[in-house]
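Q: Residue numbers (the working numbering), protein chains in the order written: chain H, 1 to 649; chain E, 650 to 784; chain U, 785 to 1082.
Because the hints were derived from the structure by calculation, they are not lab data.
Hints may be right or wrong, so weigh each one.
Derived EDC-like pairs: lysine to aspartate or glutamate, alpha-carbon spacing no greater than 20 Å straight-line [as the list claims (entries may be wrong)]:
#1 1033(U) - 765(E)
#2 1002(U) - 467(H)
#3 482(H) - 692(E)
#4 482(H) - 465(H)
#5 298(H) - 287(H)
#6 734(E) - 953(U)
#7 1033(U) - 693(E)
#8 399(H) - 955(U)
#9 875(U) - 737(E)
#10 883(U) - 668(E)
#11 734(E) - 394(H)
#12 734(E) - 396(H)
#13 1033(U) - 692(E)
#14 481(H) - 692(E)
Computed footprint of chain H on chain E; a stretch qualifies when at least three of its residues, placed anywhere within it, have a C-beta under 8 Å from a C-beta of chain H [stated by the list, open to error]:
#15 681-687
#16 732-744
Every residue, glycine too, gets a C-beta built ideally from N, C-alpha and C.
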Amino acid sequence: MKRIGVFVCWCGSNIAEVIKLDEVLEAIRKYPGVVFAEYYKYFCSEPGQQIIKDAIKEHQLDAVVVSACSPAMHQATFRKAAAAAGLNQYQVEIANIREQCSWVHRMHKEEATQKAIDIISATIEKVKQNEQLAPLTSPLVKRALIIGAGIAGMQAALDIANSGYEVLLLEREPSIGGHMAQLSETFPTLDCSQCILTPRMVEVAQNPRIKLITYSELESVSGSIGNFTVTIRRKPAYVDWQKCTACGACIEKCPVKVPSEFNFGLENRKAIYVLSPQAVPNKPVIDAEHCMYLTKQKCGVCAKICEAKAIDYEQKEKIIEEKVGAIIVATGYDLFPGEELDLYGYGRCKNVVTGLEFERINSASGPYQGQIKRPSDGKVPKEIVFIQCVGSRDPEGGKPYCSRVCCMYTAKHATLYKKKNPDGQVYVFYMDIRSAGKGYEEFVQKGIEEDRTLYLRGRVSKVFEDDGSVVVWGVDTLSGKKIEIKADMVVLASAMIPRHDAKKIAKLLNIGSDEHGFFKETHPKLKPVESSTAGIFFAGCGQSPKDIPDTVAQAGCAAAKVNSLFSMNKVLSDPIIACVNEELCQGCQLCISACTYNAREFDARRNIAKVIEALCQGCGACVAVCPNKAAEVKNMTTGQILHMLDQLQ
Amino acid sequence: MRIEISHEKVNSDFVKKIEEISGENIFACYQCGKCSAGCPLVDEMDLLPNQVMRLVQLGQEKELLGCRTIWLCASCLTCFSRCPKGVDLAKVMEAIRVQLTRSGTDKLDLQEVSNEVLAETPQLGIICSFRKFTG
Amino acid sequence: MTMKIPYFPGCTLHEKAKNFDQTARAAAKALGFELAELEGWTCCGAAFPLVDDNLMGLVPSVRILAKASQQGEELVTLCSFCYNVLKRVNKVIREDAEKRDKINMYLDEEFDEPYTGQVEVLHFLEVLRDKITFEELAQRVKRKLSHLKLGPYYGCLLLRPPKEIGLDDPDHPRILHDFLGSLGCQVRNFPFASECCGSYQAVRAPELALECSYRIIKSARQNDIDALVTSCPLCHFNLDAKQQAMAQKYGEFTPLPVFYFTQLLAVALDLEESVWGFDQHQVRPDELIKIPVGEEKQ
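Isolated chain H (complex conformation) (with noise of 0.2 Å):
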């Protein structure tokens, strides 16, 4: 018969003051099986824990029952503190009479007593027929894999790399830097994003931990922390990379023209192309799908002049299979799609193009050369319209919530264009201005002080071309006033929305993703990096819009918690997992279909099924299926209910 030591909290008032702890501490000290029954004000405090440690070895118990709050709070407190005294911490049970019993109870004193007499006296049912359990180890491959390299992606991967751990770094383009490759200049210090982003690109190339894999999607992912089996498929480029001397002959010799996705079809680029001048690798692609060699066995030009022979018409797609420990969801953001603009002018409107077009625009090394002109003609543009909330804060027409970045962006952008152009006016149709960052409310005041840029607080109704201007429809409310611009150029500060495929890797990659497409946090406050699978992390604006301070600090956020992983040289998980008893087994399979977690398997040899531990989570949805009682969860199983159940009758 085990000796069980039960401690009855207080909890301050939170329960002393509902439920009569004499009573309490009366009643259960009669229990069979209760050697010693103390009551106490806090015992999850310092002396508090010291006092059940002391307990333990005094009266040697076998088993403790803490009634205290919910095991949420401190389960682990206790049973740390249990194992310190030398007892197994799955001996350790918490009775809830706390949420379960004097917070719901208030006005009942008499029946709440009663009832915590009674949750208590079922834990202590339960407890005696724990089993002496110990935390599950499975071995810790070393190595991180990080979809997407963007500015999210590069920060996680050299964190995790400068702590002494290999990374692989996957990247879907031909070219790492993702979206902030494509701006011109960041907010609020107005640093040129290449110069700060290529620095970091050439880092990555060169860290020797970092594995660049880049034109290739992750294809299947299985496994569990610490240890996933991730296969990879590596689009043929038709250019052989360890060839290639990046000379840009074929680029020039190419006859080809097609719109450049980086540019936003501003500009053209050629089938076989280089993402952009900068980039990292520098080694160009060849597009099947425009290719003449490849469509229509035509031309051939580049492989006719390469001279270092790189071009590698037969050049197949690869699979790569890799065995990492952890890894980090870093895809980014797209923008709310254009087709859906049209109120707004966008599509059928030239001179209608939205913030990520503005920055090529703007930059030098984009369509024109950094000089603010317009797309229908090329004239520099004197009149030039922002309009924030296009497609954000809509719960009618788009998004329901603020995409973050576009007030600040915008201010950037209209200080960028008074710079160039002093003789201009700007006009920004505002419904709020959030510049929450540091030294944001400052930028955006000093662009509205110094450039005279007319912030109208109201949004706009239509948009539409009359005889070569933009018109736009819009509001002042402070003044009360309908306003008509007649603009060269308008720009929209349209909403950031998940990648269209966010959703497809989070089923890829088992992790949940909210209603808008955004991968779902575990908890929105506390763990703003952590997915809902174990060992899968995410960072940047694949998790919500934000901008790039706030990347890079949830980058590195999330490779702390990678880097913690690998610092154990194992991987730890709960013990209170579901087990098969192979005798009653049939074999039946019910319980693999009933598994959320892909947690189960079949042994076909022994035609039994088996419980992979690493993934179950004990939710006990296989015991209930199971028709031969084979399936039960450790400490939980339906003897020890059956009997907490008698105890309350």
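Keeping the supplied structure of chain H fixed, place chains E and U upon it in accordance with the hints.
A: Here is chains E and U on its own, set in the frame of chain H:
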């Protein structure tokens, strides 16, 4: 110009009536002004459409009942179609109008409409006018 | 057997907009279906009641729909106002059980069965698009109209509110464009295609309504449009009959004819001129229809 607002004003019978008759959540409007930006009849209005909504939020019964705006509305529904919050301003306008027309104030007098207008205007225009502007 | 669809003309189509009604009926006949006018119909009420607390405003429309349900499963209409009211009231009946029951109780002496939203309210354009199809229509065109540069003017009530009417996108509509295209006309876009003409303010604030309509005409002229095409008698009035007043107020004015879409259909199908009803227009479009010298009649 100073106005006094209080719990009473914001939750007054007038505001409650407007909400009940229109069926709209007055506080869903976040004053973006898109309705005003698109309203085709805004030129002669004293209050902008979004200002009408604002004054309902502030419980300003007198100013609303005395304004010209609500009588210039043509119920074209452009405001409702464009509102990012799905608020039907046309219904709110109607709710304010009926406060007067139901209590005996007519804004259209048959005697004052010229025979010419009555003769040339399609019936449906005349029917609508009398439904909107009289009790 | 000729397809018969119950048809609600509405008061204005029997009087000020007779040409709208006539051309629709004649065109329907030529295309092989019949607009079967609802027996004993009454006014639809013209404006969809925007108040939630008075059900009387819904009664006229429910009465019409109930009558229609006795004669078929669909009800077609031409006038944008009638279409809008009937469609919106139908939705209320379908979705609000309390209002439905109250109104049916009120009407129970007139009708044996309660009306529960069985009838589908259609606009004539929907019949052309979905039952006849625009492709078929294009085949039936007998008269060359490719010299016409037309601006489809949708007005307000044909499209708004988009979630309830659902006929087309209110900011980027296509149905009239596609219809006119199938007749072989040149279709021009212009930014005022769904801006309000001033509507019933023509009675109480005529100057304001005039301004609204003038802007539409002006924009049409600026976009190389020869004539506007509409589906609403009130729009037609504001845009057509008021052009003299516009000329007086704004000077520098070239008149612009305004068609009902069914008139163009009648012309395209080469129906008798007596049906076209151009005599009811202020700005006569007769010259516009005639083919320019040198071009053959198909």
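Q: For each hint, tell me whether it holds in the structure or not.
A: Against the structure, the hints come out as follows:
Simply put, residue 1033(U) and residue 765(E) have alpha-carbon atoms about 18 Å apart, close enough for the 20 Å limit, and the pair holds. Between residue 1002(U) and residue 467(H) the alpha-carbon distance is near 13 Å, which keeps this suggested pair within the 20 Å criterion. A distance of roughly 8 Å separates the Cα atoms of residue 482(H) and residue 692(E); the hinted pair therefore holds under the 20 Å criterion. Restraint check for residue 482(H) and residue 465(H): satisfied, since their Cα atoms lie roughly 18 Å apart, inside the 20 Å limit.
Between the alpha carbons of residue 298(H) and residue 287(H) the distance comes to roughly 15 Å, so the proposed pair stays at or under 20 Å and holds. Restraint check: the Cα-Cα separation between residue 734(E) and residue 953(U) comes to about 18 Å, which is no more than 20 Å; the hinted pair holds. The suggested pairing of residue 1033(U) with residue 693(E) holds, with an alpha-carbon distance near 17 Å, which does not exceed 20 Å. At roughly 19 Å between alpha-carbon atoms, residue 399(H) and residue 955(U) fall within 20 Å of each other, so this suggested pair holds.
Straight-line distance between C-alpha atoms of residue 875(U) and residue 737(E) comes to about 16 Å, which keeps the hinted pair within the 20 Å bound. As the CA atoms of residue 883(U) and residue 668(E) are separated by approximately 18 Å, the hinted pair is consistent with the 20 Å bound. Of the supplied pair hints, the one linking residue 734(E) and residue 394(H) holds, its CA atoms being roughly 7 Å apart against a limit of 20 Å. Under the criterion of a C-alpha separation no larger than 20 Å, the hint pairing residue 734(E) with residue 396(H) is consistent with the structure, at around 6 Å.
Only pairs whose Cα atoms come within 20 Å are accepted, and residue 1033(U) paired with residue 692(E) is accepted, the gap being roughly 17 Å. Between residue 481(H) and residue 692(E) the alpha-carbon distance is near 9 Å, which keeps this suggested pair within the 20 Å criterion. Residues of the region 681-687 of chain E lying with their CB closer than 8 Å to a CB of chain H number 7, which satisfies the three-residue condition for coverage. Taking a C-beta to C-beta cut-off of 8 Å, the region 732-744 of chain E contributes 4 residues in contact with chain H, enough for the three needed, and the coverage statement holds.
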